[in-house]
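Undergrad: Those protein sequences? They're chains Y and S, same order as listed. Here the first sequence is numbered in the working numbering, starting from 1 and rising by one per residue. Here the second sequence is numbered in the working numbering, starting from 162 and rising by one per residue.
In case anyone wonders, no lab produced these hints; they're calculated from the structure. Keep in mind that the hints are not guaranteed to be accurate.
Pairs of lysine to aspartate or glutamate, EDC-like flavour, derived with a Cα cap of 16 Å [as the list claims (entries may be wrong)]: (1) S:K504 <-> S:D493; (2) S:K327 <-> S:E352; (3) S:K234 <-> Y:D42; (4) S:K234 <-> S:D188; (5) S:K234 <-> Y:D20; (6) S:K372 <-> S:D384.
To be clear about the criterion: a stretch of chain Y counts as covered by chain S if any three or more of its residues have a C-beta under 8 Å from a C-beta of chain S, and this derived list gives those stretches [stated by the list, open to error]: (7) 37–45; (8) 69–83.
Note that beta-carbon positions come from the ideal geometry of N, C-alpha and C, so glycine has one too.
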Amino acid sequence: MKEFGSNNPANAIIVGDSADEFVRYTTNLLGGYGIEFVHCEDVYSAVVKSASGKRENTLVVGRFEELSREQGRFFHKASERGFVCCCLANGDFIRRRKQILAAVRTGAFIVNEPSEVESVVTDILSGEPACSSGKRKEKRSALNREEFLPTEAELEALLEV
Amino acid sequence: MKSSDSSTDENNQKILLIGDISKVFLDAGVVAEERCEVCVNMLDAIEAAAKSSFSAIGVVMFGASARLSSALKVLREVSSGAKIILLAQMYEEPVAIQLVGTVRNGTSVADDYLICPVHFSYLVSRISYLERGVPGALRDVSIHAEPARPAGVDRTIEMKIRELEKLATEDDLTGLKNRRYIWEFSRQIIERARKENGRVTLLVFDIDNLKHYNDLYGHLAGDTILKQAGVLMQWCCRKHDVVGRIGGDEFAVVFWDDPQLRTVGKDSERRSTSADHPPEAIFITKRFKREIEKTDLHLSDAQGEGVLTISGGLASFPRDGSTIEELFRQADRALLEAKRSGKNRIYLVGRSQSDISDIE
Chain Y
1 MKEFGSNNPA NAIIVGDSAD EFVRYTTNLL GGYGIEFVHC EDVYSAVVKS
51 ASGKRENTLV VGRFEELSRE QGRFFHKASE RGFVCCCLAN GDFIRRRKQI
101 LAAVRTGAFI VNEPSEVESV VTDILSGEPA CSSGKRKEKR SALNREEFLP
151 TEAELEALLE V
Chain S
162 MKSSDSSTDE NNQKILLIGD ISKVFLDAGV VAEERCEVCV NMLDAIEAAA
212 KSSFSAIGVV MFGASARLSS ALKVLREVSS GAKIILLAQM YEEPVAIQLV
262 GTVRNGTSVA DDYLICPVHF SYLVSRISYL ERGVPGALRD VSIHAEPARP
312 AGVDRTIEMK IRELEKLATE DDLTGLKNRR YIWEFSRQII ERARKENGRV
362 TLLVFDIDNL KHYNDLYGHL AGDTILKQAG VLMQWCCRKH DVVGRIGGDE
412 FAVVFWDDPQ LRTVGKDSER RSTSADHPPE AIFITKRFKR EIEKTDLHLS
462 DAQGEGVLTI SGGLASFPRD GSTIEELFRQ ADRALLEAKR SGKNRIYLVG
512 RSQSDISDIE
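With the rest of the complex left out, here is chain S:
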């Protein structure tokens, strides 16, 4: 880590990192060797930005104040030339997107965001891209001596990167998040919940008798059912809950406490009910189960209407497990039990033989 008394020219190349960087970089140790100044506190960072010039500013969103937007606005004002990149956890992505789209005084409060953890070199690449339109990741490999690429080519590469990111995290049939994303998201959100006394609930469910539909109406009809189930689940969920398809006809939903929606009253309420399954997750699951039963499947046979059912298992952190592996295992076990008991039911871990619909 370099001190801030370097020459102006050197300062222009410096990166200011704000927040606890240990959670955002896979190689946090490398940061010390780079041209970085790290400020854990936002006010120290604003003061540093006001005194020195930085080429880029990386802001760790985890643990940041609820007034991050105001802080970013001031950062932007005091370091107008610097690119501001948000370093977000997966569950912070909606807020990051919102902040990148927030325009104050004609400019966005942040230029871009990265979903963490990432290698520090990826941040450097991102900064290069934003500064010159040259993707640094590619430059590192081969284009040191090559002439600058036309802007159009850079845009194509950028689009391809976005496309690859999408392919890596989304299920191409339903457009929902895929197993890899759900797993990593759950891991991150459980880690946060552990620190902040939060709750996370995992619902794993599948469509009853999907094979029957496939055999009867064909695989395209089966695909339609999967898509409709995904759309319906998303519709039933809150905006911040994450819905994914994790296998053939198997889905997972991660319910969690959005810190932006928290109030003091709710905090105390959460503590008092930590031994139970969160009522919001139960309410949403019940609603989904009810809605899917009355869904018009738009299948070729009129009998398709109103016969679709699901079976599932619901497991909560910290009640039913302290890791993502444990939660999946418990939710899967409850799902299997629901199947064995005759399907069309969702069991809560620890309350077997009692369908969610029977719970007040």
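For reference, chain Y alone in the conformation it holds in the complex:
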């Protein structure tokens, strides 16, 4: 596992069991784009790694189930550091509705298919990461809640379905 720090910066943290298909997929995807990453077995290890990471726009990828443990606290921590979380929810929207909405409010991306991670990666590589609503964010740290309202409404509507 690579260490974070100015000498050896990592651009992504992949969270989850290394035997997990989604983790393997993401590992290959990021490798293909030449993005350096560290792998953490769970959200507990990820919080240690992220605490030592200083770079904004570091991408954190993992299953929503894993990243949302401990009342979704990781999303808040990642948001404070300017990290971009991208989680696979696997269609589990109804049962996790409240948690998903809370994660989206912190700026996390929720994807339903592993292949959707790629668009988040390309956004980050372009240097201007989009927010979860698909709109460009001018400043990640100054998240405008009103900007999220349509997205939240859309997500609510989707969850109703």
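Chain Y is already provided as a structure; the job is to place chain S on it using the hints.
TA: Then chain S, alone, in the frame of chain Y:
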């Protein structure tokens, strides 16, 4: 509560407490005055442990994630010098024992556990013991100026403490939990069930005609019956259910929902049947009643075989009462009714005159 920017030397003496400490310390207010940092969330705690040095970490198990073992492993990695002590409720003891015995990368994920509620000073004593082999509780009383005791003596004291703990919670004849333990355990588990929409069922039963056996075969034979009944009940129960002897020939069993065995499907099922007695408790009680009737008593008289019966009462939370007192009262009442109706029957509260064996 001190902030985490103290000097390294001071930090080394600090204790990190994780979780809702209001339920684990009898004197939670004292904690603020001690050298403690409290993190309600595990991820905040791991981050704090990664940034500062702590001499010990107390982890409240109540409300902790099902992945506590993984969290403890990371805590251990980021604070290798700290002693990790689990603060468990009585019903969490089996999990605590398992975690203390769980070895990852050559070390146990936790060093010890305490059954709560306890005074904060007891945690401090425990930490002292783990760090230096000197029981802090004794040091607080008299040994401030005394030279360090030889390790062998400390081990003896530790063994004596364990022995006293056992005496305080177990029935010496049967080895089952005693009345005090059953009462406190039930109180804690009902409190948890109230918060988590869980179920608790209390079975109170006694051996029919035990006096007759005592008079006929002697008190040693009576003791044997009590021991066998306890062993058989434990055998019939699930691992997490608690069996105790609460009086002469009176036993109690606490059936409860183990969160580790819960699934989403079962949760919804539980809600839908909350008005009834939990089927698992009824099934286990029926099985026990059946088994005890065909038990070979190993008594001196061949007639001892197959004649042992029990009478009992079954009361459930929240259906039959909202406190432990109410549940015991209701279960006792059902037991008395079963006795008056001719013995060898177990009545469910609210379904009197109908033996458990007749319930589908």
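Undergrad: Decide, hint by hint, whether the structure agrees.
TA: Quick rundown of the hints versus the structure:
no.: 1; hint: S:K504 <-> S:D493; in the structure: 14 Å, holds
no.: 2; hint: S:K327 <-> S:E352; in the structure: 24 Å, violated
no.: 3; hint: S:K234 <-> Y:D42; in the structure: 11 Å, holds
no.: 4; hint: S:K234 <-> S:D188; in the structure: 29 Å, violated
no.: 5; hint: S:K234 <-> Y:D20; in the structure: 20 Å, violated
no.: 6; hint: S:K372 <-> S:D384; in the structure: 11 Å, holds
no.: 7; hint: 37–45; in the structure: holds (count 5)
no.: 8; hint: 69–83; in the structure: holds (count 6)
In the structure shown, a violation is registered for the earlier hints numbered 2, 4 and 5, in ascending order.
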